[in-house]
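Student: So the sequence lines, in the order shown, correspond to chains A and B.
First residue of the first sequence? That's 10 in the numbering used here, and the numbers climb one at a time after it.
First residue of the second sequence? That's 55 in the numbering used here, and the numbers climb one at a time after it.
These are calculated hints, taken from the structure and not from any lab test.
Check before you lean on any hint, since a few could be wrong.
Label-pair distances were calculated between CB atoms; the ranges are [what the hints assert, rightly or not]:
| no. | chain 1 | residue 1 | chain 2 | residue 2 | range |
| --- | --- | --- | --- | --- | --- |
| 1 | B | C95 | A | L31 | 23 to 31 angstroms |
| 2 | A | R230 | B | L69 | 46 to 54 angstroms |
| 3 | B | P78 | A | K419 | 32 to 40 angstroms |
| 4 | B | H81 | A | I215 | 43 to 51 angstroms |
| 5 | B | N76 | A | S112 | 29 to 37 angstroms |
| 6 | B | N76 | A | A223 | 40 to 48 angstroms |
| 7 | A | S112 | B | A229 | 15 to 23 angstroms |
| 8 | A | I215 | B | E153 | 25 to 33 angstroms |
Here the structure is a predicted model, which means the values were calculated and not measured.
Backbone N, C-alpha and C define an ideal beta-carbon position, used for all residues, glycine too.
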Amino acid sequence: MRPDIEIRRTLVSLLVRVGYPLAGLMILYSALPYWEMREHWSILIGYTVLTIICTFAPVSTYHARLTLNNAILFSGILLYGSWIAVWCAILEILIVSSLVRSSVSKAAANAGQMLITVWVASLFRDWMFGAFDASWWVVLDLLLILIYWLANTCLVAVGISCFYQSPWLETAIRMVKTGTTTYMLLMLIGGLGARLVSAYGVFAFIPLIAQIVAISIVFHRYFGGMKKLEHLNDSFLVTLAASIDARDPYTHGHSYRVAHWAREISQVLGLGKAQVDEIYYGGILHDIGKIGIEDEILKKEGKLSKEEYAKIQQHPVIGYQIVRQAGVFDELLPAIRSHHERMDGKGYPDGLSGADIPLAARILAVSDAFDAMVSDRPYRKGLPVEVALERIEEASGTQFDANIAEKFVKIIRNYPPEEFEIIMNKKGHWKSDSKEKTG
Amino acid sequence: MLLDVILFSFIVAFLRGGRIKNIPTFHKLPFLAASLLLQLCSALMPEWGGGFVSLAYVCMLLFFFYNRAHEDIRIFLIGWLLNSLVIWTNLGRMPVDLELASKLPYSIEPIVNGTDFKHTVLSEATHLPFLGDIIYMPLPIPRLISVGDLFIMLGTFFLVQRIMNKPISLVRLRAGKHYAARH
Numbered sequence: 010m011r012p013d014i015e016i017r018r019t020l021v022s023l024l025v026r027v028g029y030p031l032a033g034l035m036i037l038y039s040a041l042p043y044w045e046m047r048e049h050w051s052i053l054i055g056y057t058v059l060t061i062i063c064t065f066a067p068v069s070t071y072h073a074r075l076t077l078n079n080a081i082l083f084s085g086i087l088l089y090g091s092w093i094a095v096w097c098a099i100l101e102i103l104i105v106s107s108l109v110r111s112s113v114s115k116a117a118a119n120a121g122q123m124l125i126t127v128w129v130a131s132l133f134r135d136w137m138f139g140a141f142d143a144s145w146w147v148v149l150d151l152l153l154i155l156i157y158w159l160a161n162t163c164l165v166a167v168g169i170s171c172f173y174q175s176p177w178l179e180t181a182i183r184m185v186k187t188g189t190t191t192y193m194l195l196m197l198i199g200g201l202g203a204r205l206v207s208a209y210g211v212f213a214f215i216p217l218i219a220q221i222v223a224i225s226i227v228f229h230r231y232f233g234g235m236k237k238l239e240h241l242n243d244s245f246l247v248t249l250a251a252s253i254d255a256r257d258p259y260t261h262g263h264s265y266r267v268a269h270w271a272r273e274i275s276q277v278l279g280l281g282k283a284q285v286d287e288i289y290y291g292g293i294l295h296d297i298g299k300i301g302i303e304d305e306i307l308k309k310e311g312k313l314s315k316e317e318y319a320k321i322q323q324h325p326v327i328g329y330q331i332v333r334q335a336g337v338f339d340e341l342l343p344a345i346r347s348h349h350e351r352m353d354g355k356g357y358p359d360g361l362s363g364a365d366i367p368l369a370a371r372i373l374a375v376s377d378a379f380d381a382m383v384s385d386r387p388y389r390k391g392l393p394v395e396v397a398l399e400r401i402e403e404a405s406g407t408q409f410d411a412n413i414a415e416k417f418v419k420i421i422r423n424y425p426p427e428e429f430e431i432i433m434n435k436k437g438h439w440k441s442d443s444k445e446k447t448g
Numbered sequence: 055m056l057l058d059v060i061l062f063s064f065i066v067a068f069l070r071g072g073r074i075k076n077i078p079t080f081h082k083l084p085f086l087a088a089s090l091l092l093q094l095c096s097a098l099m100p101e102w103g104g105g106f107v108s109l110a111y112v113c114m115l116l117f118f119f120y121n122r123a124h125e126d127i128r129i130f131l132i133g134w135l136l137n138s139l140v141i142w143t144n145l146g147r148m149p150v151d152l153e154l155a156s157k158l159p160y161s162i163e164p165i166v167n168g169t170d171f172k173h174t175v176l177s178e179a180t181h182l183p184f185l186g187d188i189i190y191m192p193l194p195i196p197r198l199i200s201v202g203d204l205f206i207m208l209g210t211f212f213l214v215q216r217i218m219n220k221p222i223s224l225v226r227l228r229a230g231k232h233y234a235a236r237h
C-alpha cells in the first residue's frame with residue numbers, strides 16, 4: 010500500500026473514531042443548560058414520546074427502511090433549536106444501540122455523526138433566520154433540508170468509508186442514488202409538520218399522521234409490485250444458472266456457491282443492497298459463457314492442450330456477448346467479463362490490472378477460486394478449506410485484491426460450521442435459500 | 055408501583071390471545087435481592103439513605119445488564135440508567151417537581167421536610183433536573199414520573215407480553231415486521 014494512502018486512512022480513522030464522538034460530546038455538553046430550563050420540559054417530554062414512537066415505526070421503501078426520526082430532529086431544529094434535536098438524537102442512539110448489537114466505536118461514531126449534523130443545521134438556521142425575515146421560511150426551510158441532508162450524507166459516507174474501507178465519494182454517491190428521494194420526502198413532511206403544529210397547535214398532528222399513514226400504504230403497494238417483478242427476474246436468472254450447471258454435473262451448485270460467497274463479501278464491504286444484489290446475480294451468471302464451449306473440453310479429465318485452454322479462456326467473453334445481446338442485465342456485464350482477471354494483470358481476457366478490474370469481478374474472482382479449490386471434481390478431491398484459504402492468502406495482492414481476500418478469509422474462518430456445510434452441499438435446489446439475508 | 059401499567063399490559067396480552075406457559079428465568083438474581091435489601095436498609099437508616107439507594111441502583115443496573123439477552127430488559131436498562139444518573143448526581147434522591155406534586159392527592163410534606171428518604175425537592179441546585187420526576191401522569195393512578203420511567207413502563211409492557219407468550223420484538227418492529235419469531 011502506498012504510504013500517502015496509509016496516512017490518509019489513518020487520518021480518516023482518527024476523525025471518525027475520535028473526532029466524531031468528541032464533537033458529539035461537546036455538542037451534548039452545550040445542550041445541557043437548555044434542558045435544565047423548566048419552560049423547556051414540556052417540549053422535551055413531547056419530543057421524547059415522538060422519538061420513541063418513530064424509532065419503531067419505519068416507512069418501508071424499495072431499498073431500505075427509513076424511520077421518521079430525521080424528520081422529528083429537523084422539526085425540532087426548525088421550531089426550537091439544536092438542544093431539542095440533540096435530546097432526540099441521544100434518546101434514539103440509546104434505544105437503537107441498546108437493541109441492535111453494534112461495536113462501541115461504530116455506535117459512538119454514529120452518535121457523533123448525528124449530533125454534528127444537528128449542530129451544523131441549527132447553526133445555519135440561526136444564521137438564516139437572523140439574516141432574513143421570518144416570512145421567508147417558505148424557502149429557507151427547503152434550503153435547510155438540503156443542508157441537513159448534505160451534512161448527514163457526507164458525514165455518514167466518511168464514517169462508512171472508514172469502517173468498510175471504501176472510497177467516501179463513491180459511498181456518498183451510492184447513498185444519494187438509493188435513498189435520497191424518500192429521505193427528502195420525509196424531511197419535507199417533518200418541516201411542514203413543524204410549521205403546521207406551531208401555527209395550529211397539537212391537533213395538527215391528526216392530518217400529519219393521516220398523511221404519513223397514507224404514504225406508507227402507497228409505498229407498500231407500489232414496492233410490493235416491484236418486489237413481485239424482482240421475484241420473476243430472480244426465477245429467470247436461477248433457471249439460467251441451473252442450465253449452466255446442468256451441463257456439468259460435477260460443478261452442480263457452483264454458480265450458487267460463488268454467488269453466495271460473493272454476496273457475503275460485498276455485505277462485509279458495506280455495499281448497498283442494490284450493489285450486493287448485482288454482485289449476487291453476477292455470481293449466478295458468471296460462467297454462462299461455458300454454454301458456448303464444447304463438452305469434450307469442458308469435461309476433459311487431465312491436462313488440456315494449449316488450444317483447448319485458449320478456448321476455455323474464451324468463456325468470459327462468450328458470456329459477456331450472450332448477456333449483452335439479451336440486453337437486460339447490462340449492469341452484470343463487467344462481472345461476467347472480468348472475473349478471471351488478476352490484480353497483477355496476468356489474467357484473461359483483457360489483462361486488466363489493479364483498480365481497472367471492476368469491483369464485482371474482483372469479488373467474484375476470490376469466491377470463484379475458493380469454490381473451485383474446495384469442491385470435488387471427477388479427477389480430484391477438493392482441497393481442505395484451510396489449505397484453500399492459505400492459497401488465497403498467498404495469492405493476495407498478485408491474483409486477488411488484498412483487501413477482498415483478507416475479508417473473505419475472515420468471513421470463512423468465522424462462518425458457523427453447520428451453515429457452511431449446508432452451503433457446500435447445495436446441489437441446485439437453491440430456490441428457497443437465504444434471499445432474506447440480503448435485507 | 056406500576057400496578058396499573060402491569061395490569062394494562064396483562065389485559066392487552068390476554069386480548070392478543072396470550073397465556074402464561076412458563077415463567078421466564080432470570081440470571082444473577084442475587085443482584086436483585088441485594089438491590090431490594092439495600093432499599094430496605096435505606097428506609098431503616100435514613101441518615102445513610104442516599105448511599106444505600108445509590109448502591110441499590112448500581113445493583114439493579116447490574117441485574118438488568120446480566121439479563122440483557124431480552125429486548126424488554128434492555129429497555130429497562132435505558133430507563134434505569136436515566137433514573138440512576140439523576141439519583142446519583144443528587145446524592146441518592148430523586149428530585150420531584152413540587153408544582154406538579156401538589157396536584158397529587160397525597161401529602162407532599164415528607165418531601166419538603168426531608169423525611170422522604172428517596173425523594174427530594176427539585177430546585178435550582180438540582181443536577182440534571184430534566185431527568186427528575188417532572189411528568190404529571192393523571193391516569194390511571196395519578197403520579198409523577200420521569201423520562202426514565204417512560205422507558206421502564208415500556209419495558210414492563212414488553213416483558214408482560216413475553217411472559218404471556220406473545221412477545222413483540224422491537225428490533226423486528228423497527229425492521230418493519232410486526233411479530234416476533236416464536237421460540
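Student: State for each hint whether it applies.
Tutor: The hints, checked one at a time:
For C95(B) and L31(A), the Cβ-Cβ distance of about 40 angstroms falls outside the hinted range of 23 to 31 angstroms, so the restraint is violated. With their beta carbons about 29 angstroms apart, R230(A) and L69(B) fall outside the hinted range of 46 to 54 angstroms. Separation of P78(B) from K419(A) is about 36 angstroms and conforms to the stated range, judged on CB atoms against 32 to 40 angstroms. In this structure, H81(B) and I215(A) meet the distance hint of 43 to 51 angstroms, their C-beta atoms being roughly 45 angstroms apart.
A hinted range of 29 to 37 angstroms holds for the C-beta pair N76(B) and S112(A), which are about 34 angstroms apart. Roughly 42 angstroms separates the CB atoms of N76(B) and A223(A), a value that falls within the hinted 40 to 48 angstroms. As the Cβ distance of S112(A) to A229(B) is approximately 20 angstroms, the hint placing it in 15 to 23 angstroms holds. Our hint of 25 to 33 angstroms for I215(A) and E153(B) holds, since their Cβ atoms are close to 30 angstroms apart.
Checked against the numbered hints listed earlier, the structure breaks hints 1, 2; every other hint is satisfied.
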